[in-house]
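Colleague: Listed in order, the protein sequences are those of chains A and B.
Here the first sequence is numbered in this note's numbering, starting from 1 and rising by one per residue.
Here the second sequence is numbered in this note's numbering, starting from 1 and rising by one per residue.
Source of the hints: derived by calculation from the structure; they are not laboratory data.
Where chains are identical, the list cannot tell them apart; a pair therefore holds if satisfied intra-copy or between any two copies.
Dumping the calculated BS3-like pairs for lysine-lysine here, alpha-carbon to alpha-carbon at most 27 Å:
#  : residue 1 : residue 2
1  : 86        : 61
2  : 61        : 41
3  : 61        : 47
4  : 142       : 202
5  : 41        : 2
6  : 61        : 142
7  : 142       : 47
8  : 86        : 64
9  : 36        : 61
10 : 191       : 47
Protein chains: 2
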Amino acid sequence: MKYALYYWSGIPGRGEFVRLALEETGVPYADIALTKDGDKKMMADMKSESTHPAFAPPYLKAGKLVIGQTANILLFLGERHSLAPKNDSGRFWVHQLQLTIADLVAEIHDSHHPVAGSLYYEEQKAEAARRAKNLRDERLPKYLGYFDRVLTAQGSGWLAGRSVSYADLSLFHVVEGLRYALPRTMRQLEKRYREFARLHDKVARRPRIAAYLGSGRRQPFNEEGIFRHYPELDI
Amino acid sequence: MKYALYYWSGIPGRGEFVRLALEETGVPYADIALTKDGDKKMMADMKSESTHPAFAPPYLKAGKLVIGQTANILLFLGERHSLAPKNDSGRFWVHQLQLTIADLVAEIHDSHHPVAGSLYYEEQKAEAARRAKNLRDERLPKYLGYFDRVLTAQGSGWLAGRSVSYADLSLFHVVEGLRYALPRTMRQLEKRYREFARLHDKVARRPRIAAYLGSGRRQPFNEEGIFRHYPELDI
Chain A
1 MKYALYYWSG IPGRGEFVRL ALEETGVPYA DIALTKDGDK KMMADMKSES THPAFAPPYL
61 KAGKLVIGQT ANILLFLGER HSLAPKNDSG RFWVHQLQLT IADLVAEIHD SHHPVAGSLY
121 YEEQKAEAAR RAKNLRDERL PKYLGYFDRV LTAQGSGWLA GRSVSYADLS LFHVVEGLRY
181 ALPRTMRQLE KRYREFARLH DKVARRPRIA AYLGSGRRQP FNEEGIFRHY PELDI
Chain B
1 MKYALYYWSG IPGRGEFVRL ALEETGVPYA DIALTKDGDK KMMADMKSES THPAFAPPYL
61 KAGKLVIGQT ANILLFLGER HSLAPKNDSG RFWVHQLQLT IADLVAEIHD SHHPVAGSLY
121 YEEQKAEAAR RAKNLRDERL PKYLGYFDRV LTAQGSGWLA GRSVSYADLS LFHVVEGLRY
181 ALPRTMRQLE KRYREFARLH DKVARRPRIA AYLGSGRRQP FNEEGIFRHY PELDI
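Just chain A, with the same shape it has in the complex (with noise of 0.2 Å):
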């Protein structure tokens, strides 16, 4: 075995993004959240490392190599398995584009929880209206536009040149997180920003992304997750 994937179990969360990158190489990987108490391991390896410790799941082991942050560990395995252009300008700038979509991630995850991540959604109900409405009206129809620009410039339905890069197999998780947390506020946008649907259906085309999400390693949203289905929080 390879790698070994360290994240929570349940969520998809942001291992997901991991995942696909990991599917999408057919390196053969283990998948700590799906074997038996994956939190209880993880949480023990987390504290016995001391050298380079992650602050937040998810991490990879690779070999002697312990990488944390998902950017990060995209980075890496970007460079690894040809997920990014080898030569500067390709790879810096698909670098770029999954750091501005973590950050998208980020305001989504704020949306329902704009007070703190400690508390349940039920205790900043009131903050999270406000916040979801800014970010329906003000930060997806931006971030949206913006990939939404990136596309049609490159002009060969991905984001960087002319082949599959971990930031499209990461902006295809989010049109599938937006999808499911916020299905009428999406139906208008891609109205407006219709690269994403190409984007889309062309990654979940890949044969060994097919593979994935049709097998039982792909986990479903959930009001436990980053994308959530809260209905007071779409239009």
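Given the coordinates of chain A, work out where chain B should sit on it, guided by the hints.
Modeller: Only chain B this time, still in chain A's reference frame:
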């Protein structure tokens, strides 16, 4: 002129993390924010870029390269100017730390803007009071405790091995910013986490950084940026 940094004028903001790295390298660079009509120039430049547009400032021009996202710019400068180890173990570690610093910086920003960046603080004071309490009581102790453990484990006073990295320069700026924004909270936290003063002073003593801090190029903190001093959000 080898590099040009594009960022908003009038605040240190996220541009400051890039400035500190550029200053440490000693390479000449144009700081567009410090030139006449800097914001106008930047906005015109952002509109004209179609291949690798930035979602938001800062971004750096380096010859034909245009690189956005703070941590990505630092990854680039770290490789070019030995502000990070060359080996995989070290370079992914420093980037992991930088992305954790970026998460912390976003949380600090959102403590005074928990609803929307586009609204005034005065329009979200109630929400900010709740979120700032969570920042003081839970998040800052968690983040600072983490970095303190890392510094203690490394033993060198630096976050990665025996040399300064771009993450050290960024953490220095976070310490400066937190001392400005939340002085009473920081006095308490620095009693518990004693490595920060050492790191801060080691960075401040580096000849090029010391020269920069004493120059007119270093912009002061104010209530327009990330680190804002609102006494009611402090202890």
